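Student: Given only the sequences and the hints, what does the whole structure look like? Please build it.
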Amino acid sequence: MLDKLPLNGKKTYVVAALTVIYAVSGMLLGFMDFDASMTLIAGALGLSTVGHKIDKISSN
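Numbered by this note's numbering, the letters in the sequence shown go through residues 53 to 112 in order.
Just so you know, these hints were derived from the structure itself, not from any lab. Keep in mind the model is a prediction, meaning the values are calculated, not measured. Do not take every clue at face value.
[Stated by the list, open to error] DSBU-like mimics (lysine-lysine), calculated; alpha carbons at most 35 Å apart, straight line:
{"#": "1", "residue 1": "Lys62", "residue 2": "Lys105"}
{"#": "2", "residue 1": "Lys63", "residue 2": "Lys105"}
{"#": "3", "residue 1": "Lys56", "residue 2": "Lys108"}
{"#": "4", "residue 1": "Lys105", "residue 2": "Lys56"}
{"#": "5", "residue 1": "Lys108", "residue 2": "Lys62"}
{"#": "6", "residue 1": "Lys63", "residue 2": "Lys108"}
[What the hints assert, rightly or not] Distance ranges between label pairs, derived from CB positions:
{"#": "7", "residue 1": "Ile109", "residue 2": "Pro58", "range": "19 to 27 Å"}
{"#": "8", "residue 1": "Gly95", "residue 2": "Lys62", "range": "16 to 24 Å"}
{"#": "9", "residue 1": "Asn60", "residue 2": "Gly82", "range": "36 to 44 Å"}
{"#": "10", "residue 1": "His104", "residue 2": "Ile73", "range": "15 to 23 Å"}
{"#": "11", "residue 1": "Gly78", "residue 2": "Ser111", "range": "32 to 40 Å"}
Quick reminder that beta carbons are idealized off the backbone N, C-alpha and C, glycines included.
Tutor: The structure is reproduced here in structure tokens:
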């Protein structure tokens with residue numbers, strides 16, 4: 053589905069941002085505890101870091 057959208061290499065950042073939104077809203081609404089939310093947020097930050105490094109390497 054995401055391959056049809058004209059995101060031009062920003063799919064990793066979109067997925068990371070949606071993961072952070074999901075984790076924060078789940079924590080605020082009481083559907084997940086603090087530890088699970090922080091695990092998801094840390095994973096999303098790691099994903100965006102990897103995406104940044106891939107973009108940096110591929111632009112060289």
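Student: Against which earlier hints does the structure fall short, listed by number upward?
Tutor: none
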